[in-house]
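Enquirer: Just so you know, the sequences run in chain order A and B.
Sequential numbering from 1 applies to the first sequence in our numbering.
Sequential numbering from 1 applies to the second sequence in our numbering.
Keep in mind the hints are simulated off the structure, nothing from the lab.
Each hint can be trusted.
Listed below are several chain B residues computed to face chain A (Cβ distance under 8 Å; list not exhaustive): (1) 23; (2) 30; (3) 35; (4) 36; (5) 50; (6) 62; (7) 66; (8) 78.
Derived CB-CB ranges, DEER-like: (9) A:93 with B:78: 25 to 31 Å; (10) B:78 with A:530: 14 to 20 Å; (11) B:22 with A:195: 50 to 56 Å.
We treat Cβ as the ideally placed atom computed from N, Cα and C, and that holds for glycine.
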Amino acid sequence: MRMTDYPPALILLVGVIILPMLKGRTRWAVAFALPVLALADAWAAIEVGANSFVPFMGMTLNPVHVHAATPAFATVFGIMVLGGLLYALNQKRESELPAACLYAGGAMGVLFSGDLISMFIFWEVMTLGSTVLIWLGRRKDSYGAGMRYFGMHAAGGVLLLIGIIIVIAQRIQAGDPAPLEFRHFDSMVQGWSTLSWSSAGMWLILLGMLVNAGAPPFSSWIPDSYPQGSSTGTVFLSAFTTKTAVFTLLTAFAGVEVVIYFGLYMAIYGVIYGILENDIRRLLSYSLVNQVGFMLVGIGIGTHLAIDGATGHAFAHIIYKALLFMGAGSVLFATGRTKMNQLGGLYKSMPVTMWCMIIGGLAISGFPLTSGFTSKSMVVQAIVDESARMAELGQSHTYLIVTWFLFEAATAGVFIDACVKLTWFVFFQKDSGLRPPEVPWNMRAAMIGFAAICIFLGIFPGPLYAILPFKAEAAEYAKVIYSVDHVMIMVGMLFFAGLSFFVLLPLMKRTETITLDLDWIWRRFIPKFWRDVVTPVLDQLNAAQKAVLEWFPGNGNESDLPTVVRRRLPGSWAVSVPVFMITAMLLIYLVVYFWLLPTQAA
Amino acid sequence: MTPEQKKAARIAWVIGLLVLGAIVLVDLGVHHHAHFEKDNITFDTLPEFWPLYGFTAAFVLLIAAKTLAVALKRKDTFYADD
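For reference, chain A alone in the conformation it holds in the complex (with noise of 0.2 Å):
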């Protein structure tokens, strides 16, 4: 076998096992060398166009095959790795590394993934990987946010695993010759409102694959997790399962008009929810929920811009936000707060986290020379070309307007978000009498190398541009992305916006508080529910159960009860729950069963 026969996530994942083994400069520098040789493997296998089968059970997997956004988003996610463990040099948490590569392992499997199996396995790896690194955050809250974490990831691991099961069996049905092949759902496209058990199988994966996107009514378990990861391990986090998400919908789902829909919410939840958040990393986790909300918007829109723009935001996105929480985690360093109420004035202590933080932040808002400007600009210009095309085949079309007048707010409101309050709460605002020194040489590097990153695409887009799925359409596009009327929106609009801060100001005081979101109903409602409701009701069923086995003749006393009884008395509710799981499941095996098999046996 050839090295293009492996996929390039194993080099990540060798690196699980080895590294706990070594020592000092050897540990650092396998570390460095895996993301090296992961990225060549990548783009050797993508320059010959790898695709390679394996055996397994009895199924044909494909765990190497390159999709048409495999290339950049393999590039950007070896560049992340890079960047994240100099940011970490200086970290003594040992177990941070090998988490990190377990989960950097496993985001680089999916995008080789050629069938549905590997992809759920490696999606599953990655779920992994950024759990252990939540819980080594070792912050107050870090296990609870972990185990929420994994419940949230597995609970959409199972929703995505029973659709790919039902697409596969649907396909087989249907004589597909590929049933795991891992491609573009063309029936969604049109088929996506009408919810049928042909559509159904697609839908779970959809919704399995929004849950990792951080889409509603799940967008909280972001900022819920990612800020009780280490200074080090949240830069991890920011890059990699949300979007390994937009490549898993960019790849199955382009064209999906819902999924508009589901990233307008999040662009303009995320400003809003970000507007009121107190603690850095968390407003950070907020305005990554309206990034990705941006990426999804491209992906539902599904022309070919579009998606180069999806895949190109995705691409800056990834740079930029790890910089930012790399600022962010260089401020916990140093202070060893978060908190905005108790941080500011610390322009003069630390200003090269300064300075890379506001880079970061006009990237994020896509200020001119930024490469948030030449990356969001496409998904911006895919809306409004696509518009014009139902105009004129007189589809209507009301919603794409509506989107981008909403898409241009967000836009406005990331910048006050992610740029101005960020900066004015923890540079400037108050003395807050503090006066670190600033961090270590090698996260300014890894902050002031991201920061040049964001600028040079924000100047020299062609080689990202280079790497697109549809580069004719992006070389295209950056023909006319500088012209003075598209620079001009943005300076005017993202300034004013700044002015709109300004003038509010007074409204804007810090709090130690946060806001409630729809996780509430899990993590509060429900448990109060069952504690306060259904307990005290089960505990009369079971008082009655009692009364009625003592009214029988002779069967006063519990002790004369025959020995079956006896011990069904107080272990009743252990048993009733399995029998109840395993009898549904018998059913939907039933159902799925009869289903399936006359048809395919017709």
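Assemble chain B onto chain A, guided by the hints.
Expert: This is chain B only, laid out in the frame that chain A set:
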């Protein structure tokens, strides 16, 4: 605020307003094209539309957030006692 900080704040406001003024002036001379011409939506070509849109959008979002906060704001230890 100390007197120096007050002075710095005043300078920052002056510089900021000068930049905003410059943007307003430049925008007068820029021809903005309509994004949805086929739908006869042309208000986005009006001079100073984009600065106004940015200001208004941010203003509305900030006020919307503060309104939402009235109902949904809790101490950040809200879930800690679970």
